[in-house]
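**Student:** Based on these hints, arrange chain B on the given structure of chain A.
So the sequence lines, in the order shown, correspond to chains A and B.
Counting from 1, one number per residue, gives the positions in the first sequence under this note's numbering.
Counting from 1, one number per residue, gives the positions in the second sequence under this note's numbering.
Calculated from the structure, these hints are not laboratory results.
Source: prediction; values computed, not measured.
All residues carry an ideal CB built from backbone N, CA and C; glycine is no exception.
The reader is advised that the hints may include incorrect statements.
[What the hints assert, rightly or not] With the Cβ distance kept under 8 Å, some of the chain A side facing chain B (calculated, not the full set):
1) L74
2) L80
3) D81
4) Q105
5) T123
6) V132
7) P133
8) E135
9) L136
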Amino acid sequence: MGFINEHASRPKVTKGIKINFITVTTILDIQNLSKTYHSGDRELTVLEGVSFSLQAGDTCSIVGPSGSGKTTLLGLCAGLDRSSTGSVTLNGIRLDNLSEDKRAQVRNQYVGFIFQNFQLIPTLTALENVMVPLELRGERNVQKQAMELLGKVGLAERHDHYPTQLSGGEQQRVSLARAFSNKPSILFADEPTGNLDEETGEKVEGLLFDLNREAGTTLVVVTHDLELAEKTQRIIRIKGGHVISDTPSHSNVAG
Amino acid sequence: MIEYKEPGPINNLPEKPKLNVPWLLRMAWRDTRRSRGKLVLFLSSIVLGIAALVAINSFRDSLQVAIDEQARSLIGADLVIGMNKEPDSLATALVDSVRGLGSRSDENRLLSMVYFVKSNATRLVQVRAMEGGFPYFGKIETVPEAASRSFRTGRRALVDYNLMLQYEAKTGDSVRVGNQTFVIEGALRRIPGQTAMTAAVAPVVYIPRQYLPETGLMQRGSRVSYYYYYDLADTVEPDTLGKKLEPRLEEYGMFYDTVQTRKESMGRSYDELARFLALVGFVALLLGCVGVASAVHVYMRDKLKTIGVLRCLGMSGKQAFLVYLFQVAGMGLIGGLIGAMIGSVVQLVLPELFKAFLPVNVEAYFSVSAALQGVLLGVFVSVLFALLPLLSIRQVSPLITLRANVEHLTNQKDPLRWAVYALILLFILLFSRWQLGTWWQAGYFTGGVVVAFLVLAGLAKLLSWAVRRFFPSNWGYVWRQGLANLYRPNNQTLLLMVSIGLGTALIGTLYMVQRTLLSEVSIAGSEHQPNLVLFDIQNVQREEIGTLTRNEGLPILYYDPIVTVRLEKINELTLTAVREDTTLEISPRVFTREYRITYRNHLTEAEKTMEGSWGENPNANSDLVPVSLEDRYAERMKVKIGDTLVFNVQGAPIATQVSHLRQVDWNRVQSNFLVVFPEGVLEQAPQFHVLMTRSDDEQQAARFQRKVVEQYPNISTIGLDLILQTLDEVVSQISFVIQFMALFSIFTGLLVLVGSVNVSKFQRVQESVLLRTLGANRKQIFAITALEYLLLGALAAFIGCLIAFGASWALAVFSFEVVFVPVVWPLFIIFVLVAALTLAVGLLNSRGILNRPPLEVLRREA
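Next up, chain A with everything else stripped away, as it sits in the complex (with noise of 0.2 Å):
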């Protein structure tokens, strides 16, 4: 508990006020990162030795084939799950010493997700998921602020629909108003048009990168669609459980 006294007492920065140093901040700091699983006596290691770093605003994308260890990093990135060894550094804070619970209020206070299946919950209306984040917060009268992001992804008017009554696009968006509710810091979209087809996955993806751009956001995009991997200013290509490149896209380089 000692890293919550260490908080309070730390000063509060009140919002408004100018903060220059954010140009150089490191939001994701991964260190020589490995996952290995235990079944039976087998071992199974899904990554190795993955390291490197992402500074606030950037926008990156994790490309490799199917069973190359993606998905199980993007997990430990998102604090989902625990590395075997080496660090994970979100927003500053260490992330592999954290309880479950801890990590969670990580997740609800700097992570925003995007989900392959849009994993939107089905008891709940449009508005009320997007709601959830904010809610969870404990932060109150936060249908307006919700209502907006909706309007934003153009589904305001079916914001009383429950998930089942949408299209999958219509879902993924209303997961897209979701992610951005919380204002994270970092945000990770998993294959985010995977289950789309290509026009209602463009217009998702065009969604994607027009909110992030105006939250200034830092985005993490895993999927093996190499188009929208050009998209991002970085792209990192794993396989086998390692990182194989590591480059500019070349968008990025274009641009």
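**Tutor:** Chain B in isolation, oriented as in the chain A frame:
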């Protein structure tokens, strides 16, 4: 303008969010939206158990109120002193001394025949000869109303209302009691303290006491009871007086009753019945709890994904746990409310069901405390039994959002699970202690439930293991698939075995115990058993009655002399010694009570020698008379062969030695005796005789009874058929009440069965659809499903029946101390029913897969 977040220093952990209970409650409510159907199942399993308990406990409260309100009128006086023999001078002096404290009424009671002149019929009744102003509180209800007082002024009688109906007697008709004829003044509707049941067994005829001697019924050896009712002055406290008199009363063989003692003894006896019924209700509730546990188990599996997403979005394990805890508590609350409502309605009919056994008019009223208990119990058991599946929520990994097939639960052993198990055990123990009244009974009950659970769980494991170990790999595909379903991942063997097996065991046990208890009351009626009894036959009448019986063409089946004696000493122990030294554990009653004994040198068919010998008098020369005792009676007195007993035979002490112990089958229709003397000792003692015979039809019996009553008015005859019939009515009424309560368990059991099989639906639907997609035809899927459910249902039901058999044997032998009556057929029927029901419910649940295209099902279930 975009505002960048402040990237904090190392370990800038966000502030811990508050639990935010109102929001969690809102989430709990929102989350039920799409699963309310499933929650209804969860609800329904506890509703009936709660209803049963609320009904019984409400009734208990209503009864207590009725007893409290009507207790004074139940005994009709402040103090009643009674004795079962003629009071000697000391006793009379004692009774007279109390008279100074208030007014007194005297009453004699005896069994005798009455003769209805007009209908020319006889019937054994309880004659009450009354003198004085009794009852002082409440009243003897008669038609016409004034008759209850006016009969006392002349040769007039009050006759039981049903008896008058039966013999078509009217007010103004004559009825003969002994040698005297009385005019019927009115019909008796209700006597203080009498129940409908006792009125049916021994209907009452009141006559004025001054005419009793003239009836000729007060002969030597006649069994007459003496009652003295006192209306004490306000300054006298009846209980204090009773306590003060108690030692002397006991010494003279008298007993006393006050409003308070009557209230207590009545409360006790009805409480026992209520407790038993409440236990039946508890069994229903326990079954419901199994249902809750399995329903929540399924429900939670459905919710894993949602929980995973919420965890991903930053919900803490505790918050997620609370969301579902609130849901369960809410459901328990609703279940408890519905149960309490149903129970409160059901209790309205209970007084009607119990009417025959109750001496008071019970007004069913809404018992707030019972209803409240029910509601709280609903919440409590729901939460308690849902805790096991709920605990796992805290361990749902958010990774489930990324990989659907990931081990969604972190695999660590949760020590809290053991705490929940302990809590459940404690709850069952405490609750059964509350209902049963003693710790050892509660311990056995709890132990039984736990053993049954362990046996079933163990067998389920064994079954999975055995099927896997000895897998018939050369059998057909359908068989292999059906069998493999018993051990493959996500199998339902354990859950179904435990819930169905436990349900079957509880229902089976209930049924068998009920049967055993009922068979204890019912008398084995057989072809050659006596159905007509003559008693109070005097020595001088013995020969004549024998001749009269034979002349009527009736056989003399038993003809026993009966002598009334009291016990004075066991070895050197007297009443005083037994009273002073409670470590002896001999009830003073063995000294204060009277024994009706007989003398003969042979054993009857109902008797069996346990120890010693009986027959030709071997100790004829000894000073001690050899006697034979019933074995259980000897055990109660702590007496062995060779011990000496001194009996007081109407004033004369006779020293005896225990030389024989008998086992007696009390269920036989014949006079049985605790103590038997040899011939040649008591022949000259005051005595009467009992004759048992058998008539072939009612006319013959009626003719014979009439003849006897005409010539020998002192002799009473009783038709056992009538008694058996009355008893049968009583028994069937009791068994109806028990069955009524058992219905709650059975219905709950069915609901739980449906619930358990629904659990499996969740498991099997996707697989079956997949098989369908891969080209399995309807028949194959049907066969695989049928095989799996049939195996599980049959096995669980079989084991459940075995457990029921063992449990009811143990209950019969150790708890009720009666002979266990093994009933195989009903148990077999239960077995077949449960197995068939499991199969039917299982197949019904999967019919959706059979009839629809696979894709549609996949979409719907997803």
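**Student:** Take the hints in turn and mark each one as holding or not.
**Tutor:** To see whether the hints hold, each was checked on the structure:
1. Evaluation of the L74/A hint against chain B yields a held restraint, the C-beta minimum of about 7 Å falling below 8 Å.
2. Annotation: interface hint on L80/A holds; nearest CB of chain B at approximately 5 Å, less than 8 Å.
3. Nearest Cβ of chain B to the Cβ of D81/A: about 5 Å, under the 8 Å cut. The hint holds.
4. Of the supplied interface hints, the one on Q105/A holds, with its beta-carbon coming within about 5 Å of a beta-carbon of chain B, less than 8 Å.
5. Hint on T123/A holds. Least Cβ distance to chain B is approximately 5 Å, under the 8 Å limit.
6. Because the beta carbon of V132/A sits about 6 Å from the nearest beta carbon in chain B, less than 8 Å, this interface hint is met.
7. Checking P133/A against chain B: minimum C-beta separation of about 5 Å stays under 8 Å; hint holds.
8. With its C-beta approaching chain B no nearer than about 5 Å, E135/A sits inside the 8 Å limit, and its interface hint holds.
9. With 8 Å as the threshold, the beta carbon of L136/A comes within range of chain B, its nearest partner Cβ sitting at about 5 Å, so the hint holds.
Consistency note: the structure conflicts with none of the earlier hints.
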